[in-house]
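Undergrad: Here is what each chain is made of, one letter per residue.
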Amino acid sequence: AQSVSQHNHHVILSEAASLELGCNYSYGGTVNLFWYVQYPGQHLQLLLKYFSGDPLVKGIKGFEAEFIKSKFSFNLRKPSVQWSDTAEYFCAVNLSGTYKYIFGTGTRLKVLA
Amino acid sequence: DTEVTQTPKHLVMGMTNKKSLKCEQHMGHRAMYWYKQKAKKPPELMFVYSYEKLSINESVPSRFSPECPNSSLLNLHLHALQPEDSALYLCASSRDRTASTDTQYFGPGTRLTVL
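Each protein sequence line maps, in turn, to chains A and B.
Mind the numbering: the first sequence is residues 1 to 113 in my numbering, read in order.
Mind the numbering: the second sequence is residues 1001 to 1115 in my numbering, read in order.
Just so you know, these hints were derived from the structure itself, not from any lab.
Keep in mind that the hints are not guaranteed to be accurate.
[Said to hold, decoys possible] Some chain A residues close to chain B (C-beta under 10 Å, calculated; not the full set): (1) Gln6; (2) Asn94; (3) Ser96.
By construction, the Cβ of each residue, glycine as well, lies at the ideal position given by its N, Cα and C atoms.
Kindly generate the complete structure, drawing on both the sequences and the hints.
TA: Structure (structure tokens):
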């Protein structure tokens, strides 16, 4: 069965530290990849997505992610986090051409001021 | 307007009650989704509507009954729920489910507690 793994469940960083959140999926076909963020008290919103082309995609608020097909990975990065990045981050995979969206278990990020 | 609204924000119901959750969007999206999210778990897809027709039912129990009265509205009718159905119910919409690169826009959710 298809699945999405996020290995870091909780991450605590100081401001200005660099961030990398892992996301791996298991599916042999073509996928579209997403990172969503949920700030405290707010709804899920899109950070960035990849569906074709340059495997390094840039999103909002300085986030970027790299799709490595051979590793079935789509890791999220930010060079310097801010306190306002405190949130829960979800990786999601869509099986291309289908309705099917599968979310990872999420990573709770806390940034200390 | 890139907003998906959901009402009510919170709902407490008994196992014999009948209630409904409502979702609305005015972005002209033709695909709408219901997800269920338990605490500390990822959202799990329940239903997908495409052009007001039910496209996908992910083997959801019949005590959950979705309805799409028009292209802007999506309801979820609840009847005879169980305590384990307590969760956050999220609605989302996207331009068209067949264009799976489309962004899904999520509502804030309805937090349901079944006593």
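Undergrad: Among the hints numbered above, which are violated by the structure, and what are their numbers in rising order?
TA: No numbers; nothing is violated.
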